[in-house]
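Line order of the protein sequences matches chains A and B. Going by the UniProt record's numbering, the first residue of the first sequence is number 1, and it counts up by one from there. Going by the UniProt record's numbering, the first residue of the second sequence is number 1, and it counts up by one from there.
Hints may be right or wrong, so weigh each one.
[To be verified] Each computed BS3-like pair below joins lysine-lysine, with the alpha-carbon atoms no more than 25 Å apart: (1) K173(B) with K24(B); (2) K306(A) with K197(A); (3) K60(A) with K24(B); (4) K49(A) with K42(B); (5) K24(B) with K137(B); (6) K42(B) with K81(A); (7) K24(B) with K84(B); (8) K147(B) with K60(A); (9) K115(B) with K137(B); (10) K60(A) with K173(B); (11) K60(A) with K204(A); (12) K49(A) with K60(A); (13) K147(B) with K84(B); (14) K137(B) with K147(B); (15) K147(B) with K173(B).
The set of hints was computed from the structure by calculation and includes no laboratory data.
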Amino acid sequence: MTKLLRPLLVLFVLLLAAPAVQAQFYQTPGPNSPTSKDEVQLYQTPDGKLSGRVSIPDAKLGVLVQPEGREWREFRMVWLKIIAGALILGPIAVLAIFYLIRGTIRIQGGRSGRPVPRFSGMDRFAHWTTAVSFLLMALTGLILTFGRMLLIPLIGHPNFTMLAEASKYMHNFFSVPFVLGLVLIFVLWVRDNIPEKADLVWLKTLGGVLSKSGEHPEAGRFNAGQKGVFWAVVFGGFALSLTGFLLMMPFAVTGIGGMQILHVAHGVVAALMIALIIGHIYIGTIGMEGAFDAMGSGVVDENWAKDHHRRWYEEQLRNGRANEDERLRHRAAE
Amino acid sequence: MARMKFLCDAERCIECNACVTACKNEHDIPWGINRRRVITLKDGVPGERSISMACMHCNDPPCAAVCPVDCFYQTADGVVLHSKDLCIGCGYCFYACPFGAPQYPQATNFGGRGKMDKCTFCTGGPEADNTMEEYQKYGTNRLAEGKLPLCAEMCSTRALMAGDGDVLADIYKERTVRRGYGSGAWGWSTAYGQNDRGDAFGPGREGTGGS
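If we strip away everything but chain B, and leave its shape as in the complex, we get (with noise of 0.2 Å):
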């Protein structure tokens, strides 16, 4: 079984924006959430990089151990998913995410934040796959038409890969030996570094996902 993972590539990425922009368009985002962004560090001066940054589907996912309502799960792939019937919008996950990847409709209304949204791998939710309720829920079901999560597929620089861990590993391998230098990527440490187990868990279980 893969382990779905997503590599950023940011001697490639040109801030072009355009997975942020394909994600908002494939799921029908609403104004105020951001599932994908790109980030540029060191703006304008020597060693400028861009990297773009979503959820990114951590073996030992913070979020989904500090949610108070066991909303979140982990499928066999690695991707990890919630349930947007049992969120309760209280923000939690936002403080724990280290990617920032939750993100919620509401800015306040005396607490009331909405339900949360995140980048889901272009894998839906809990409900039936390609379902007109899943996708209002969570957009579309890429993984399930056997497609690959749009944003990496369409990134013209390559920059932005998704699918299995071990093959984009190879990739970037290949990349690096050929440019002679390996930096450029960031947060798989962070994401995959701990509990690599190779079992998946699902909610009311412990566990890691697939390595």
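Here chain A stands alone, though its shape is the one from the complex (with noise of 0.2 Å):
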């Protein structure tokens, strides 16, 4: 009897017990459990970076998700092709309907032939260090920014890869002499580039570079224009060197955000810095007769020295520094 019980009574114990394996099977939702879709973290879009430990000996990689590189994509994308875009060819455009409609500005009464030293050797170097750097750095800059969207269908991509490392090493290598350039740069002349009353007419005449008579306010050895190029090559040298080489050094000193921040920088300011030398090379070649001859030859021409820097003129004047040394007329002639 007790034998056929047995199994009975088990059967009946296992039947009472269902539901409550059931209960602990399924559980019953609790009181913090989500209603909807977007309390549940599976489906959930951080805001904020979400960082924690790992064991492994690399502190970064303890950012588990970091949507702000969303907005740095953005920039990369978009904003920085748009900003570097419009800052090089807008200035393009500008001074070329300039170009058309003011033509280059002449030495008023022509060439004199007399010679007035303006730049020596070293402050030629200077200026050519870093300009030749800044223009390696601007092109190889815009291969990398540009040349997927632009160079890859016409090249191809493993021509463009080569390029593009190419243009990497040659961006990061002529830092180096831009800095020097830039240092020198400062030195050498940011005695001549405190700003002073006199740039205050200049700036209220543009230069002259309105006045159809030919009119130019005076200047010492530089002009208000002048003085605005070189503080902003020194500012923004100083601000492209110190974001560049941080990338170059990437994490040693800031974290993931840091390095993006550093980026979007670096592109502005370069875009910024390319418009000026726009604007800088104009000036200094098609744009305005006997400008050139400052920086190559390092002699201007005496007619050249009284319109554009009158005041600077008549000190080296008073110095003996023109017209006397026969010299440099030997040279101006040759």
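Both chains are given apart, each in its own frame, so use the hints to dock them into the complex.
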């Protein structure tokens, strides 16, 4: 009898226990359980950085999710291209229109043939060191920014990788002569670039560029426009160097957020500097007769000096550095 | 066609780091590169969770978007791969990646960081499947052998799963129903939330992975 009863009892107990087992297997939602999809972590878009601890010796890998990367992507893919594109094509278009209207700014009364020394060998070394490295870095930087869009369809992926890799190395290595030239420029010319009262007059008339009679406000060795270029190059160049060297040593100083900010700053300042230098190149070459001589041979024409830097020219006369120098006259005649 | 995804259930991850070790061993990853890592949140305080993180093989990969040389591509299974022949090691993909997946063999050499390396979902690279060249650059190609990524295959608690996203979602749904709550897995909305359009893309084509 007991032999028959035992399995029945076991079955009875199991049947009684079944709901309890079921309840243990499928838990009922607690008070903190999510009621909608938005409350489930799996589907949430994190607003901020989510970091924790990693056992591997690389602290930056402790960042689990960094949604800021999306904003940096937006900058790199959209804003940088718009900003850089506008700051390059804009000035070129404006200068082209200006050139068509105004043409080359001529020397009043033509060239006299009498030389006035303007920039020494050291001055020109500093200028061209900075200039050549800046132009190369601007070009290589633009290749890395716009190359995928403009060059890959033309030359293909493998060729562009070669170009981009060379650009990356050139961009990094030319930073050294750039900084050297920048320091030299600052030391050599800061004395003549202190703002003064006459600069206000120059700025009000925009250096006389709009006057048809060819009147120029008086200026010392550097006019207000050149002083503007000087300080923009000093501060912009310093900002580019600082951000650039920090980008070259990734994660040495900042974390991921800092690297993104450095890249944004580097890109925007570089675009502004390119726009400035386009204007600088224009006025130093086709924009103004006789201006290139200053940085080319280092010697300018007397009439050019009288036109654009009358006060500086008179100083040179008083100090006996103009007109009297036979040696320079011979060199200019060659 | 399957849409390959990773899912790490933080309710199950015990921070044993076996996935990290398995990955390093399987692909002969050099010192300093971590294709996969285990991150512990709220370490030592109530609510501590660990989660294993690698490349999530996003639908709209930020790395592929920002790459200046366009070296990324996505397979028909939705796996995001890249060509080490095209990569110039600029580091942009690391700035854009939400999960910190891209790795570089050198810390710094005046800006030279070597070719980027990241999780391949055990799918190798653009070279022919299971060749020595592919192995040396990208590690083994388990998918070509019909196997899933090793990190997930050997996970002792089945916290880390890899495979078709629909299957993973079903498994995870069953788990959350049984537990009664669903939190504890990160990254899916970031990786797969946008543009789940279902068409694969290759170099030169804007697009997203299959669903």
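* **Hints violated by the structure (listed by number, smallest first)** => 1, 6, 8, 10 and 11
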